[in-house]
Amino acid sequence: MIYFDNAATTYPKPPSVIAAMSRALVKYGANPGRAGHAMSLETAEAVYDAREKCADLFGAQVENTVFMPNCTFALNTAIKGVLTENSHAVISDIEHNAVLRPLYALSKSSGISYTQAVTGDDDSTVREFERCINRRTKAVICTLAGNVTGRIMPVKRIAEICRRNGICFIVDAAQGAGVLPIKLSDGINIICAAGHKGLYGPMGTGLLVTDGKYRLKTLIEGGTGSLSKELAQPDFLPDRFESGTINTAGAISLGAGVDFVNSKGIGTIRAHENALCRRFFDGVSKLPTVKLYSSDFDERYAPVIPFNIGDLPAEKTSQLLSDAGFALRGGFHCAFPAHKKIGTADTGAVRFSPSVFNTMQEVNALVRAVGRISARYCV
Amino acid sequence: MRTVIIPLNSYTDARKAARYLSSRGIRAHIEKISSGRGGCTFGIRTDEPPEMICAMLAEIMVRCGRSMPVPPPPPPPPFGRRRR
Numbered sequence: 001m002i003y004f005d006n007a008a009t010t011y012p013k014p015p016s017v018i019a020a021m022s023r024a025l026v027k028y029g030a031n032p033g034r035a036g037h038a039m040s041l042e043t044a045e046a047v048y049d050a051r052e053k054c055a056d057l058f059g060a061q062v063e064n065t066v067f068m069p070n071c072t073f074a075l076n077t078a079i080k081g082v083l084t085e086n087s088h089a090v091i092s093d094i095e096h097n098a099v100l101r102p103l104y105a106l107s108k109s110s111g112i113s114y115t116q117a118v119t120g121d122d123d124s125t126v127r128e129f130e131r132c133i134n135r136r137t138k139a140v141i142c143t144l145a146g147n148v149t150g151r152i153m154p155v156k157r158i159a160e161i162c163r164r165n166g167i168c169f170i171v172d173a174a175q176g177a178g179v180l181p182i183k184l185s186d187g188i189n190i191i192c193a194a195g196h197k198g199l200y201g202p203m204g205t206g207l208l209v210t211d212g213k214y215r216l217k218t219l220i221e222g223g224t225g226s227l228s229k230e231l232a233q234p235d236f237l238p239d240r241f242e243s244g245t246i247n248t249a250g251a252i253s254l255g256a257g258v259d260f261v262n263s264k265g266i267g268t269i270r271a272h273e274n275a276l277c278r279r280f281f282d283g284v285s286k287l288p289t290v291k292l293y294s295s296d297f298d299e300r301y302a303p304v305i306p307f308n309i310g311d312l313p314a315e316k317t318s319q320l321l322s323d324a325g326f327a328l329r330g331g332f333h334c335a336f337p338a339h340k341k342i343g344t345a346d347t348g349a350v351r352f353s354p355s356v357f358n359t360m361q362e363v364n365a366l367v368r369a370v371g372r373i374s375a376r377y378c379v
Numbered sequence: 001m002r003t004v005i006i007p008l009n010s011y012t013d014a015r016k017a018a019r020y021l022s023s024r025g026i027r028a029h030i031e032k033i034s035s036g037r038g039g040c041t042f043g044i045r046t047d048e049p050p051e052m053i054c055a056m057l058a059e060i061m062v063r064c065g066r067s068m069p070v071p072p073p074p075p076p077p078p079f080g081r082r083r084r
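As you go down the protein sequences, you meet chains A and B in turn.
In terms of this note's numbering, the first sequence has 223 at position 223, counting the first letter as 1, and numbering is strictly consecutive.
In terms of this note's numbering, the second sequence has 73 at position 73, counting the first letter as 1, and numbering is strictly consecutive.
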């Protein structure tokens, strides 16, 4: 199976990540940050090392870098942590359900309202975000890059608007982390990232990275290995948001994933994946029945390309490609507004998303497979 | 020179503190303690003056609790009775 569904999760993982996971399961078997015995302290140190690597990647303090089960949990923590009753949020019109559903739930339970800023080119996007802000706005949440469209958002410029208005700016870096440079110093207050996509860590890992400016309410409370006599949840990070036992082996191997990204260089990774996207875009755009949803693939996009073959339902295309040995996701990608935006609200789309491990030969083979499906089903 | 344990908030703070102090040439050993703030936490054991350590850790925004002296170890038991 040739895997092109890396926007869902990257596969394969680097050998160093697999080795780190295996070593963690064998060597770091004690619960970190709990006991004072040698194995617990060694495990805690391994987790700290991984935390420090993640912190450095985003330009954060180590204690402000919190391990999460996934990016969705991080976004829920941030969104529900910062918004207060009857407050308002601004989001883009291409957000993932990890942003939409918490806001929808809050709109039903806490009177929170939210506005979707219509995105276009960078200038119009920034103007829209500013227009949507009102006196009740407490947070702006924006994806770094859309998981369907791939469009990269002008987060630095949006961050400046938030700073001027005293609004918390939360970035969903699920698609961008490891491929696009992003740091808190870009003016972002909270970065939520998946550990298992562009950071090449295992599934079950995510990050919430904060500049510490906004105090977040907790989503869950529980044991943290600190201040056990006190009933109140600790008020300091990362303990405040790491109740219960973290995914220790996952966190340690996520650190190895960050090492891998750093060893390659984000710029190199992006250049490679962009070249693959360029080849795919150019290849399928020659097929008259293939529908692409942007005029071109260029620096405005993260390495994600949605497409369809004729009037074939996206799930059907995905199944046919799977039968031919290619893994791509077809459907609505947990981001229905993005599909409304590109005109695939009725059909969904198939998503091409390569990783650093894919090759030109694999892309060429995929283009040929798309051509065969097109010839057979769309004549 | 007196050995003290300085309670910190958590393991993360303790590790951050230990590494920072190490980079400044000061040895600090991490320990789990049960008599710190909130009943249990992690702290650093050091032979350096606690006031100096806490001032240094304030530079990296690590909050210190009240230091606790570490009692000296008991003397070793005498050798067993010698046969005459």
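Some hints could be false.
As the list claims (entries may be wrong) - Ranges between beta-carbon positions, derived for each pair:
#1 Pro69(B) with Thr245(A): 19 to 25 Å
#2 Gly25(B) with Asn165(A): 44 to 50 Å
#3 His29(B) with Met360(A): 24 to 30 Å
#4 His29(B) with Ala324(A): 57 to 63 Å
#5 Gly25(B) with Ser22(A): 35 to 41 Å
#6 Ser16(A) with Asp47(B): 57 to 63 Å
#7 Ala19(A) with Ser22(B): 23 to 29 Å
#8 Pro15(A) with Arg63(B): 39 to 45 Å
#9 Met52(B) with Gln233(A): 31 to 37 Å
#10 Ser22(B) with Asp122(A): 28 to 34 Å
Unchecked claim - Capping the alpha-carbon separation at 30 Å, the derived lysine-lysine pairs in DSSO-like fashion look like this:
#11 Lys183(A) with Lys32(B)
#12 Lys32(B) with Lys53(A)
#13 Lys32(B) with Lys264(A)
#14 Lys286(A) with Lys32(B)
Hints in this document: simulated from the structure, not taken from any laboratory.
Built from N, CA and C at the ideal position, the CB exists for glycine as well.
Structure-based check of all given hints:
1. The given range of 19 to 25 Å is broken by Pro69(B) and Thr245(A), whose C-beta atoms sit roughly 34 Å from each other.
2. Between Gly25(B) and Asn165(A) the Cβ separation comes to about 46 Å, which falls inside the hinted range of 44 to 50 Å.
3. For His29(B) and Met360(A), the Cβ-Cβ distance of about 53 Å falls outside the hinted range of 24 to 30 Å, so the restraint is violated.
4. Between His29(B) and Ala324(A), the C-beta spacing of about 60 Å keeps the proposed range 57 to 63 Å intact.
5. For the pair Gly25(B) and Ser22(A), the supplied restraint of 35 to 41 Å holds, since their beta-carbon distance comes to about 36 Å.
6. One distance hint, 57 to 63 Å for the beta-carbon pair Ser16(A) and Asp47(B), is violated here, with the actual separation near 39 Å.
7. Against the hinted window of 23 to 29 Å, the Cβ-Cβ separation of Ala19(A) and Ser22(B) comes to about 27 Å, which satisfies the hint.
8. Our hint of 39 to 45 Å for Pro15(A) and Arg63(B) holds, since their Cβ atoms are close to 41 Å apart.
9. Evaluation of the 31 to 37 Å hint for Met52(B) and Gln233(A) yields a pass: the beta carbon distance comes to about 32 Å.
10. Between Ser22(B) and Asp122(A) the beta carbon distance is about 45 Å. The supplied range of 28 to 34 Å is therefore violated.
11. Simply put, Lys183(A) and Lys32(B) have alpha-carbon atoms about 34 Å apart, too far for the 30 Å limit, and the pair is violated.
12. Simply put, Lys32(B) and Lys53(A) have alpha-carbon atoms about 24 Å apart, close enough for the 30 Å limit, and the pair holds.
13. Among the hinted pairs, Lys32(B) with Lys264(A) is inconsistent with the structure: their alpha-carbon atoms are about 38 Å apart, more than 30 Å.
14. This hinted pair does not check out: Lys286(A) and Lys32(B) have alpha carbons roughly 65 Å apart, beyond 30 Å.
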